[in-house]
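Chemist: Chains as they are written, first to last, in the working numbering: chain Y, 1 to 301; chain Z, 1 to 301; chain C, 1 to 301; chain B, 1 to 301.
Incorrect hints may appear among the rest.
As the list claims (entries may be wrong) - Okay, the calculated bits of chain C under chain Y, using three or more residues with CB under 8 angstroms as the criterion:
1. 96–107
2. 124–137
3. 149–158
If you're looking for bench data, these hints aren't it; they were derived computationally from the structure.
Computed from a predicted model, the values in this text were never measured in an experiment.
Don't be surprised by glycine CBs; every beta carbon is placed ideally from N, CA and C.
There are 4 protein chains.
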Amino acid sequence: MAKKISDSGINEKFQSRPKRIIEKDGSFNIIKKGGAPRNLYQQLIAMNWPRFFFTTLMFYLGVNLVFACAYFVIGVEYLNGVPEDRPLAGFLYCFFFSVQTFTTVGYGAIHPVGLLANAVATIEAMFGLMGFALITGLLYGKFSRPDSKLKFSENVLFHKEGDKYEMHFQMINARDTLIIEPSVRVLLKLYHHKKKLRNFYNLDLRISKIMFFPTNWRIVHEITEKSPLYSLKEEDLIDMDVEIIILFQGYDESFNQQIYVTHSYGDEQILWNKHFLPSYNTDEDGNTVLDMETIDAFEND
Amino acid sequence: MAKKISDSGINEKFQSRPKRIIEKDGSFNIIKKGGAPRNLYQQLIAMNWPRFFFTTLMFYLGVNLVFACAYFVIGVEYLNGVPEDRPLAGFLYCFFFSVQTFTTVGYGAIHPVGLLANAVATIEAMFGLMGFALITGLLYGKFSRPDSKLKFSENVLFHKEGDKYEMHFQMINARDTLIIEPSVRVLLKLYHHKKKLRNFYNLDLRISKIMFFPTNWRIVHEITEKSPLYSLKEEDLIDMDVEIIILFQGYDESFNQQIYVTHSYGDEQILWNKHFLPSYNTDEDGNTVLDMETIDAFEND
Amino acid sequence: MAKKISDSGINEKFQSRPKRIIEKDGSFNIIKKGGAPRNLYQQLIAMNWPRFFFTTLMFYLGVNLVFACAYFVIGVEYLNGVPEDRPLAGFLYCFFFSVQTFTTVGYGAIHPVGLLANAVATIEAMFGLMGFALITGLLYGKFSRPDSKLKFSENVLFHKEGDKYEMHFQMINARDTLIIEPSVRVLLKLYHHKKKLRNFYNLDLRISKIMFFPTNWRIVHEITEKSPLYSLKEEDLIDMDVEIIILFQGYDESFNQQIYVTHSYGDEQILWNKHFLPSYNTDEDGNTVLDMETIDAFEND
Amino acid sequence: MAKKISDSGINEKFQSRPKRIIEKDGSFNIIKKGGAPRNLYQQLIAMNWPRFFFTTLMFYLGVNLVFACAYFVIGVEYLNGVPEDRPLAGFLYCFFFSVQTFTTVGYGAIHPVGLLANAVATIEAMFGLMGFALITGLLYGKFSRPDSKLKFSENVLFHKEGDKYEMHFQMINARDTLIIEPSVRVLLKLYHHKKKLRNFYNLDLRISKIMFFPTNWRIVHEITEKSPLYSLKEEDLIDMDVEIIILFQGYDESFNQQIYVTHSYGDEQILWNKHFLPSYNTDEDGNTVLDMETIDAFEND
């Protein structure tokens with residue numbers, strides 16, 4: 001009998017039938033009431049590039065608008081070089097002066113005169129330096145985040161090997177980097193309707209850790225008597241809201257960092273009596289060729 | 001019999017009854033005579049944001065004040081554009097020129113003339129660059145520090161399960177991030193008054209490591225014959241200054257860093273014959289809903 | 001019998017005889033069809049210094065050329081200080097003004113007049129700050145990458161010790177740093193022509209992990225009955241396209257980072273009935289002297 | 001019998017009696033002929049602050065001197081604002097203009113005229129940005145290096161406990177930070193004069209890993225029949241050039257980094273029949289007080 005794992009970090013007993021835990025895109029189906037969101041820095045780091053640039057631009061224009069107003073309120077006569085008779089042009093020149101101060105360009109064609117305007121410029125130049133320091137940190141943070149591309153096969157195959165089944169799925173390292181000492185852990189979730197209980201089981205893998213992962217890796221779980229999947233049929237799995245949860249871990253040599261990837265398969269992704277085709281080959285020169293497209297190629301047993 | 005751990009990093013024998021080791025806020029009750037404080041960088045990194053900004057501002061104004069004095073001593077006639085007849089205005093313009101040099105804004109409306117003023121400006125501009133470099137490093141350091149929000153339940157519950165007790169406490173990951181492969185170690189501290197000895201014991205946990213920690217986690221220690229808590233009663237624990245020390249470890253996927261959290265429970269936080277209520281549920285859509293407020297909800301056995 | 005490892009991350013069955021997996025320079029012989037290259041940041045980080053500086057310079061000139069064109073199209077009359085009568089000189093001054101804006105030097109001898117020129121300068125100054133932030137991150141990224149220099153002996157020696165063989169190779173830490181808790185794993189690849197199968201085997205090492213690695217380290221595999229190399233002769237190894245794949249791991253104390261090095265030996269690098277000479281000695285003062293040149297010194301058994 | 005470890009990373013057989021492996025200051029007694037030094041970045045990172053500032057200042061002045069020469073050779077008439085009739089003043093103004101360009105201050109009182117001077121200024125401003133980026137990276141690198149202060153007791157004590165000896169030494173975490181999950185490994189080196197062999201042995205510790213290390217930690221090796229020190233007398237240890245090599249490892253919570261410290265004791269630091277005094281106490285408030293000075297306090301058995 002397979003040993004149940006409680007306290008899996010995701011609680012067990014439910015009033016109503018719960019959804020899948022991990023969505024196909026890797027996000028978790030959990031709503032935290034009263035919880036804290038990611039902090040601002042993390043949100044900016046996680047933002048995609050177009051949104052990040054737009055946010056930066058808005059911040060840049062916003063800060064300069066605020067300081068432009070300050071200079072305008074103090075009076076355009078305290079900014080030497082700003083036209084004093086046309087208010088709109090005067091405001092625009094206040095804005096441009098603000099930009100020249102914030103970015104520390106400081107052409108000097110416009111420059112502050114008197115205590116107040118100089119004091120505001122003193123503050124703005126400091127803000128400029130700090131804003132710039134912030135952007136430097138954010139850009140470095142965004143760039144140095146590992147962006148490994150692990151592709152999982154679309155399906156999990158239940159392949160009949162002799163008189164017993166094996167569960168197969170496979171992964172490809174799509175990026176041109178090396179992942180060192182990758183390892184995989186697989187968790188099985190089964191939902192018992194009568195007891196309204198969600199149970200978790202570890203699935204033993206034939207090989208759960210390899211030396212490096214330059215190409216593809218087929219993960220195999222043998223459905224023996226010890227497996228919690230033993231004696232379960234296709235309809236049982238559907239009925240029990242089966243979910244196969246995967247935690248991948250490895251060292252990305254190009255980022256010098258440990259990476260973690262979570263993935264999940266639902267019942268609709270399980271196919272019976274099929275096996276994967278090889279997704280690699282050798283070309284005329286003897287090079288190993290790995291075709292990303294073939295990760296999902298399978299045939300009937 | 002439970003095995004005592006000596007050499008736990010916190011010594012054992014005392015002249016007087018020692019205080020709790022770890023306070024509720026996670027700080028340690030240890031005074032180091034002759035020890036070194038954290039270095040300046042670490043202090044700035046650990047500082048909260050308002051204090052950090054105030055310190056930066058003071059530093060910025062202070063450095064510019066020093067350089068303003070230097071230019072003023074050299075003579076306002078060596079800064080072209082500074083009014084020479086009014087000393088106060090002259091000093092203020094020295095200060096603004098210093099700001100324009102330190103921040104590298106350099107409008108040029110005020111500019112140095114002659115060897116000495118130029119030499120000082122040369123030094124100040126270099127200081128400006130280094131000061132800015134420092135701020136960049138500090139801001140990045142502050143932002144890239146993991147700020148995970150682990151909430152521990154206010155109480156430890158001694159729950160009667162059948163004929164034996166279990167010790168329960170629980171944790172919630174309040175931030176909207178994923179903590180991977182979290183693990184927990186629990187240490188029990190008991191103080192023996194007669195021998196003036198402080199002893200430490202490891203407490204075995206039903207499950208001490210899980211795959212990921214998106215929501216909450218209930219930690220269970222079974223008080224069997226092997227447990228150092230076996231046969232101890234409520235009044236014994238109070239008398240022995242019981243302290244339950246927790247070390248949490250996990251990988252924060254949003255910061256790409258291993259995080260460690262220490263926590264401690266004292267005797268006044270231990271409640272007998274109670275158990276926790278579930279702190280999660282599913283909403284109409286089948287999403288798992290975790291309510292941060294319910295982490296402390298319990299009822300009598 | 002030695003246990004075969006499948007699922008090694010490099011697949012097993014081939015249409016034609018595959019090449020060596022890892023080349024002498026440590027690169028992998030794998031072509032990924034449809035895969036993603038390293039991202040731009042990683043490419044710039046991995047670039048050698050001359051190419052990096054050239055790329056930076058081209059980027060710097062290119063950006064300024066684009067903005068110079070913009071200012072020229074707006075009209076040189078909107079840049080105060082630019083000669084208006086000679087188009088070439090006018091364009092060059094547009095370029096220099098662009099440089100002064102992008103780098104935030106901003107002498108001010110040339111400065112924008114009117115809405116459009118000022119607006120473009122506003123954008124360019126922001127680009128300048130971001131470009132600079134990028135360079136800061138890239139330089140830090142390049143510099144903080146571990147660049148440990150591990151030298152492997154050119155040959156693997158099969159040394160006869162008593163009545164059985166041992167496989168020897170050695171490594172030197174050529175850089176003046178300390179590598180802490182280094183460990184080595186060795187994988188044997190054999191290709192079976194008839195079955196068109198590539199098999200992998202772990203080779204047990206006499207000592208696979210040491211405390212620190214200041215100098216050189218000789219790695220020894222004893223070819224006992226348990227070894228997959230047992231009973232294989234020189235011609236067998238050549239025929240089976242033998243490849244000895246090494247994964248080295250350790251903590252580089254000067255970079256405060258875990259480092260990984262992959263290496264590989266082919267059949268032409270295996271020499272029989274030889275052993276290494278000591279590659280160290282003590283000088284008159286009792287210092288241990290390690291000569292990098294002697295790592296490849298061996299003699300007949 | 002204790003098992004000898006060969007292949008310890010430091011070779012075994014010597015022509016002359018070798019010196020101590022690790023000096024008291026933690027440096028290794030190894031000379032690498034033909035090896036590579038640390039790279040420039042690592043040297044700058046490891047440099048102490050006064051030397052670092054001096055190097056930076058020299059670099060700053062040097063670069064500006066080179067560019068000053070370039071402007072001077074081009075001709076002072078191409079730098080508007082530079083006195084043309086006095087060569088020395090002219091050169092100094094070239095230098096100050098260079099500074100204003102390199103730091104991107106750019107007052108504009110001096111500004112380039114004509115193609116050549118502008119082109120050189122274009123290059124210098126780019127150098128300025130890169131130099132600044134470099135300083136930013138170096139300062140961050142220097143500051144984010146863990147600088148934990150572990151103090152080892154000056155002596156190793158051989159303390160008689162009942163009828164057998166124990167080897168004791170102790171460590172203090174002198175800095176006001178927490179080190180999490182510290183562990184210690186101890187290696188014994190003995191030199192056999194007749195065979196000219198240097199042998200290494202692992203010493204088992206009563207406790208080799210603890211949960212955290214806020215204060216002090218006493219490390220104990222019991223000299224039982226299994227110990228390589230068993231039956232060795234004081235004069236044997238001196239004769240065999242005994243060296244006790246220590247590798248400490250732990251996670252520094254203030255730097256969010258794993259730290260490693262190597263240490264070594266020679267025969268002159270071993271004292272027999274002594275034991276350490278407690279180096280801590282509690283004050284009136286029950287706080288644990290740790291006095292750094294008392295780490296070396298011991299008394300006769």
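Chemist: Confirm or reject each hint.
Modeler: For each hint, the structure was consulted:
1. 96–107: Satisfied; 6 residues make the cut.
2. 124–137: holds (count 10)
3. 149–158: Our answer is that it is violated, as 0 residues pass the Cβ test (under 8 angstroms) against chain Y, missing three.
When each numbered hint is compared with the structure, a violation occurs for hint 3 only.
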